[in-house]
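Chemist: Using the sequences provided together with the hints, build the complete structure.
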Amino acid sequence: MSEILHAVKGMNDVLPETAEAFLSTAVWDKVIDTARRVIEGYGYRQVLIPIVEETALFARGIGEGTDIVSKEMYTFSDRGERSLTLRPEGTAGCVRAFIEHGFAKTDPVQKWWYIGPMFRAERPQKGRYRQFYQIGAELYGASDPAADAEVIVMMWRICQALGLKDVTPRVNTLGDKESRDRYRDVLRGYMRANVDTLCDACKARIETNPLRFLDCKNPACKEVARKAPDIMESLSAQSRAHFDKVTTYLRDCGLAYVRDAALVRGLDYYSETTFELTTSALGAQDAVGGGGRYDGLIEELGGTPTPAIGFAMGVERLALLVAATQQVASGPHLFIAPMAGAESFALQLADAVRTGGPYRVEVDVTGRKLKGQMRRADKVGARFALVLGEDEIARRHGNLKDLRVSSTSDVALTGDAICAALAKLIA
RNA sequence: GUGGGCGUAGCUCAGCUGGUAGAGCAGCGGAUUGUGGAUCCGCGGGUCGCGGGUUCAAACCCCGUCGCUCACCCCA
116 MSEILHAVKG MNDVLPETAE AFLSTAVWDK VIDTARRVIE GYGYRQVLIP IVEETALFAR
176 GIGEGTDIVS KEMYTFSDRG ERSLTLRPEG TAGCVRAFIE HGFAKTDPVQ KWWYIGPMFR
236 AERPQKGRYR QFYQIGAELY GASDPAADAE VIVMMWRICQ ALGLKDVTPR VNTLGDKESR
296 DRYRDVLRGY MRANVDTLCD ACKARIETNP LRFLDCKNPA CKEVARKAPD IMESLSAQSR
356 AHFDKVTTYL RDCGLAYVRD AALVRGLDYY SETTFELTTS ALGAQDAVGG GGRYDGLIEE
416 LGGTPTPAIG FAMGVERLAL LVAATQQVAS GPHLFIAPMA GAESFALQLA DAVRTGGPYR
476 VEVDVTGRKL KGQMRRADKV GARFALVLGE DEIARRHGNL KDLRVSSTSD VALTGDAICA
536 ALAKLIA
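Start counting the first sequence at 116; every next residue gets the next number (this note's numbering).
Calculated directly from the structure, the hints in this document are not laboratory data. All residues carry an ideal CB built from backbone N, CA and C; glycine is no exception. Some clues are possibly wrong.
[Said to hold, decoys possible] Restricting the straight-line Cα-Cα distance to at most 16 angstroms, the calculated cross-link-like pairs of lysine to aspartate or glutamate (EDC-like) are:
1) K241 x D401
2) K337 x D300
3) K318 x D345
4) K484 x D525
5) K332 x D315
6) K124 x D300
7) K280 x D401
[What the hints assert, rightly or not] DEER-style ranges, computed between Cβ atoms:
8) Q353 x P232: 44 to 54 angstroms
9) L462 x V373: 14 to 24 angstroms
10) G446 x A316: 30 to 40 angstroms
Modeler: Put into structure tokens, the structure is as follows:
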């Protein structure tokens with residue numbers, strides 16, 4: 116037991132059958148397929164970005180002072196020369212690619228989506244892992260509030276398409292740089308006035324990052340934060356107008372969002388609109404997805420200034436919610452059980468059915484007795500079973516058995532005939 | 001990095017005040033030479049996380065260590 120190798124802490128296997136349903140591939144397929152369908156319906160196209168990037172990209176992009184960069188990155192040296200790191204999020208790499216391929220000049224409006232693993236060296240807990248998957252989308256070259264609204268609605272639609280009920284969209288604005296600077300000062304003043312009730316972390320944040328005080332979970336801080344001045348008061352006219360339009364569009368689209376003044380987010384690159392999808396069903400990790408506008412990032416990383424907005428959703432968290440609320444199964448439509456001597460015929464017939472229609476067909480290749488084969492048909496959740504023996508092969512006809520109700524119907528043993536029968540019986 | 005809980009069969013766990021291991025489920029086979037789910041019978045599976053200590057004797061007590069898990073910080 117102690118000699119076998121183990122997956123490293125916080126990194127999971129996703130398998131066809133698992134004790135924890137959210138780590139089964141059927142659930143993941145549902146999450147990923149659904150998200151892809153919804154996102155591509157908005158005109159986004161997939162990009163595949165490397166998992167490893169130069170450390171400097173994340174340090175500069177996400178921000179030196181953030182938790183991610185200061186203590187959570189998997190950083191290593193590549194043959195002793197340059198410092199590389201496993202991506203902790205997807206936006207920085209996409210932005211790097213956007214700049215590197217010169218899209219700002221040639222075709223600035225880009226709608227990209229991605230899926231893949233991200234890495235953060237935190238202590239794992241429910242809904243939080245060191246290797247975790249994100250589905251994300253980035254929209255470049257659009258500064259109009261319609262872009263913000265569309266992205267938020269899209270994220271919401273993914274949850275709807277997954278049948279998730281307990282999900283709340285929250286939105287906020289951080290304003291443009293001037294608004295934020297102004298608000299930071301206002302907040303500092305307010306925090307100093309209440310400094311004796313703040314936790315130690317927040318005392319430090321007065322200087323380093325006052326915004327973060329707003330989402331501190333310390334009860335005393337929370338109470339003080341609740342009465343803190345709202346950023347709305349510090350917003351420039353443009354930022355104010357931008358946010359007003361975003362929320363108007365959201366309402367027009369029928370989205371029941373909550374404006375959350377404490378929604379600040381921990382990455383440095385956000386500006387203007389920020390948003391999150393939260394749930395009460397995940398324990399301490401209540402965010403299933405989040406994002407925001409990052410108009411300054413492309414310039415920050417050396418590109419021509421281009422507005423941008425994006426979001427990321429956690430696949431594990433979505434899978435957790437899906438697995439908790441619904442049964443996801445994908446057994447074969449047809450299970451073929453060959454008696455001794457019928458194996459070759461079974462293989463050929465199965466192939467003919469697969470080419471003749473959109474059906475999953477499994478042949479029992481264990482060579483065991485019929486009883487065992489039927490048990491397996493049941494276990495894998497097959498809808499129909501077909502036994503092949505000397506009789507059937509001689510008559511070129513067999514009994515298609517509906518395993519849900521144990522009724523049988525006679526079919527000719529050709530791919531087309533079986534496909535036609537399945538089409539009729541499944542409908 | 002900090003704190004709580006837990007490590008016994010593939011899974012979920014039982015194991016009384018220490019006497020060198022059990023159940024259910026799952027798996028495989030049979031009862032029924034060719035038709036699943038129910039029932040019955042049988043079979044296989046364990047260095048009791050690891051190391052050390054106390055003891056005639058340790059899954060149980062003590063120390064250490066590793067791992068898992070939940071929570072804090074923060075996020076997806």
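Chemist: Taking the hints in turn, state whether each one holds.
Modeler: The hints, checked one at a time:
{"no.": "1", "hint": "K241 x D401", "in the structure": "10 angstroms, holds"}
{"no.": "2", "hint": "K337 x D300", "in the structure": "19 angstroms, violated"}
{"no.": "3", "hint": "K318 x D345", "in the structure": "19 angstroms, violated"}
{"no.": "4", "hint": "K484 x D525", "in the structure": "23 angstroms, violated"}
{"no.": "5", "hint": "K332 x D315", "in the structure": "12 angstroms, holds"}
{"no.": "6", "hint": "K124 x D300", "in the structure": "42 angstroms, violated"}
{"no.": "7", "hint": "K280 x D401", "in the structure": "14 angstroms, holds"}
{"no.": "8", "hint": "Q353 x P232: 44 to 54 angstroms", "in the structure": "38 angstroms, violated"}
{"no.": "9", "hint": "L462 x V373: 14 to 24 angstroms", "in the structure": "57 angstroms, violated"}
{"no.": "10", "hint": "G446 x A316: 30 to 40 angstroms", "in the structure": "51 angstroms, violated"}
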